[in-house]
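Let the sequences and hints guide you as you build the complete structure.
There are 2 protein chains.
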Amino acid sequence: MTGVRARVRAELTAEIKAIARRQMAEDGPANLNLRAIARELGMVSSAIYRYFASRDDLLTALIVDAYNALGEAGEAADAAVDPHEVRARFLAVAHAAYRWACEKPSQYLLLFGTPVPGYAAPQDTIVPATRFTLVLLRILDEAARQGAVPAVRPTVPDGVRDDFRAMRELTGSGADDELMLAGMQSWTALFGAIGFILNGQFRNVIGDVDAMFVEFARLLAGQVFHEVDPA
Amino acid sequence: MTGVRARVRAELTAEIKAIARRQMAEDGPANLNLRAIARELGMVSSAIYRYFASRDDLLTALIVDAYNALGEAGEAADAAVDPHEVRARFLAVAHAAYRWACEKPSQYLLLFGTPVPGYAAPQDTIVPATRFTLVLLRILDEAARQGAVPAVRPTVPDGVRDDFRAMRELTGSGADDELMLAGMQSWTALFGAIGFILNGQFRNVIGDVDAMFVEFARLLAGQVFHEVDPA
DNA sequence: GCCGAAACGAGAGCACTGCTCTTGCTTTCT
DNA sequence: AGAAAGCAAGAGCAGTGCTCTCGTTTCGGC
Chain R
10 MTGVRARVRA
20 ELTAEIKAIA
30 RRQMAEDGPA
40 NLNLRAIARE
50 LGMVSSAIYR
60 YFASRDDLLT
70 ALIVDAYNAL
80 GEAGEAADAA
90 VDPHEVRARF
100 LAVAHAAYRW
110 ACEKPSQYLL
120 LFGTPVPGYA
130 APQDTIVPAT
140 RFTLVLLRIL
150 DEAARQGAVP
160 AVRPTVPDGV
170 RDDFRAMREL
180 TGSGADDELM
190 LAGMQSWTAL
200 FGAIGFILNG
210 QFRNVIGDVD
220 AMFVEFARLL
230 AGQVFHEVDP
240 A
Chain L
10 MTGVRARVRA
20 ELTAEIKAIA
30 RRQMAEDGPA
40 NLNLRAIARE
50 LGMVSSAIYR
60 YFASRDDLLT
70 ALIVDAYNAL
80 GEAGEAADAA
90 VDPHEVRARF
100 LAVAHAAYRW
110 ACEKPSQYLL
120 LFGTPVPGYA
130 APQDTIVPAT
140 RFTLVLLRIL
150 DEAARQGAVP
160 AVRPTVPDGV
170 RDDFRAMREL
180 TGSGADDELM
190 LAGMQSWTAL
200 FGAIGFILNG
210 QFRNVIGDVD
220 AMFVEFARLL
230 AGQVFHEVDP
240 A
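Protein chains in written order, with the numbering used here: chain R, 10 to 240; chain L, 10 to 240.
It is possible that part of the hints are untrue.
What the hints assert, rightly or not - Stretch-level coverage of chain R by chain L, calculated; a stretch enters the list once three of its residues show a Cβ under 8 Å from a Cβ in chain L:
id : stretch
1  : 60-72
2  : 148-158
3  : 161-169
Unchecked claim - Residues from chain L that face chain R, not an exhaustive set, calculated with beta carbons under 8 Å:
id : residue
4  : L43
5  : D65
6  : V136
7  : P137
8  : T164
9  : L190
10 : T197
11 : I215
12 : G216
13 : M221
14 : L228
15 : Q232
No lab work stands behind these hints, which were simulated from the structure alone.
Idealized CB from N, CA, C, for every residue including glycine.
Following this line, the structure appears as structure tokens:
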């Protein structure tokens, strides 16, 4: 094993993904084009199939990479802040997600945009997909330890209580149902805002979308971690 | 004018759009297929081009229709509630959007999902696109009249103040900057939640997503219209 | 009523896509 | 050394959006 061939294969695989990412950034995530990649590599289109069994397979690999990159960005941002300052941690992670999305909009849309046509996310993606969410869950955990209470207290629906219990068991989180639901809501709001900004939904409406996002994040932090000293 | 030909043309145009919507619902919004539509109509693909200059043109028509349908759903829901009960109005409109999205997921994703490949929204879409938002702005207006204050008070960035002033002038709204920003945030959070649910982001995580959405909406209403008597 | 103009559907065709299969060549393993 | 596996190339298939041409049908002004 690990002869010349194996190394060349790894390099070519990486190169295919790199070109795919660049082309997606130029032509949009849904325009992933195997033939164009092959052309750029000076190969013939059928050769690509030695490395990825299908277009969907390549897409899956890109999605997994993107989830991991986003998760890593979140983890790094979280680790750079005092673990006890939950608001600061939330803001750092939120800004990290926003920054990552702005730098790689096509990859962000690959994760959170409309699923590509007949594409069904395979099993390989679900673990990397949870990586970013786990960062937020850990922040919720610490917030619960500090007795945080949401600004508006939700009434958690019965059907959701079981799901939250399962999540607690799976992640070892100690956040109570109310905090969990508020956190979940802020989580969707966060990604909703990023998605809207990236999709240009605020074009011709809001000029400085960056400033607005910063304030959105502050609002969310205040809503979830209300009875906690501000950072 | 208004001969046989004009009526047939109108009917065929509508039929093309109807078939397109149905096919989109089956194969996903990005799989809009002119040839398949023509096949179903018993026509040849080139005949479609008598009615829509291009695939993008047909897409635009569908998008305009969808924006109008969503806007209409919001307007109807809002009109069915006592105009003074702002929380109830917000909840009604939020639920209307959610219901519409669940009934017509492909059309919702057409509006708020990843933009279709090389598609750039033309001018025709921007007026229908604001229709739903205007409903929320009117609710904010009434809330301002009642002295509503967000649960967490935002500090409105300078760059955004001008945009809000422009929106006020354009819509005749009387909502102050803080309420406007909180409303905007809740608006993105609302559509973010709907999008996540539709895209299956909560699959295998939350069982009863409907119940969760209802509580999300209640949270949002509470966050924006805090110092207002609950409906 | 008539006749030119415009609208229409059919069909062939172009350039492109994802994907398959076969054919030789090269590297790797036994 | 020889078999097996990996590899790139090329031809080819079915499908796409779109264009162009060609007879036919309908419409509006005379």
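Hints and how they fare:
Requiring three or more residues with a Cβ within less than 8 Å of a Cβ of chain L, the coverage given for the stretch 60-72 of chain R is violated, as only 0 such residues are present. Under a criterion of three residues with beta carbons nearer than 8 Å to beta carbons of chain L, the stated coverage of the stretch 148-158 of chain R fails, only 0 such residues being counted. Counting residues of the stretch 161-169 of chain R whose beta carbon lies closer than 8 Å to any beta carbon of chain L gives 8, which reaches the threshold of three, so the coverage claim holds. About 15 Å separates the beta-carbon of L/L43 from the nearest beta-carbon of chain R, more than 8 Å, and the hint is not met.
The closest approach between the C-beta of L/D65 and any C-beta of chain R is roughly 13 Å, which is over the 8 Å cut-off, so the hint fails. Look at L/V136: its Cβ only gets to about 12 Å from chain R, farther than 8 Å, so that hint breaks. Annotation: L/P137 was flagged as interfacial toward chain R, and the flag is violated, the nearest CB pair being 14 Å apart, outside 8 Å. Because the closest C-beta pair between L/T164 and chain R is about 7 Å apart, less than 8 Å, the hint holds.
The closest approach between the C-beta of L/L190 and any C-beta of chain R is roughly 6 Å, which is under the 8 Å cut-off, so the hint is satisfied. For L/T197, the interface hint holds, since its Cβ comes within 8 Å of a Cβ in chain R; the closest pair sits about 5 Å apart. Among the interface hints, the one on L/I215 holds; its C-beta lies about 5 Å from the nearest C-beta in chain R, closer than the 8 Å criterion. Below 8 Å, beta-carbon pairs count as interface contacts, and L/G216 has one with chain R at about 6 Å; its hint therefore holds.
Taken as an interface hint, L/M221 checks out: its beta carbon lies about 5 Å from the nearest beta carbon of chain R, inside 8 Å. For L/L228, the shortest C-beta to C-beta distance to chain R is roughly 5 Å, which falls under 8 Å, so the interface hint holds. Taking 8 Å as the C-beta contact cut-off toward chain R, the hint placing L/Q232 at the interface holds, the least distance being around 5 Å.
Checked against the numbered hints listed earlier, the structure breaks hints 1, 2, 4, 5, 6 and 7; every other hint is satisfied.
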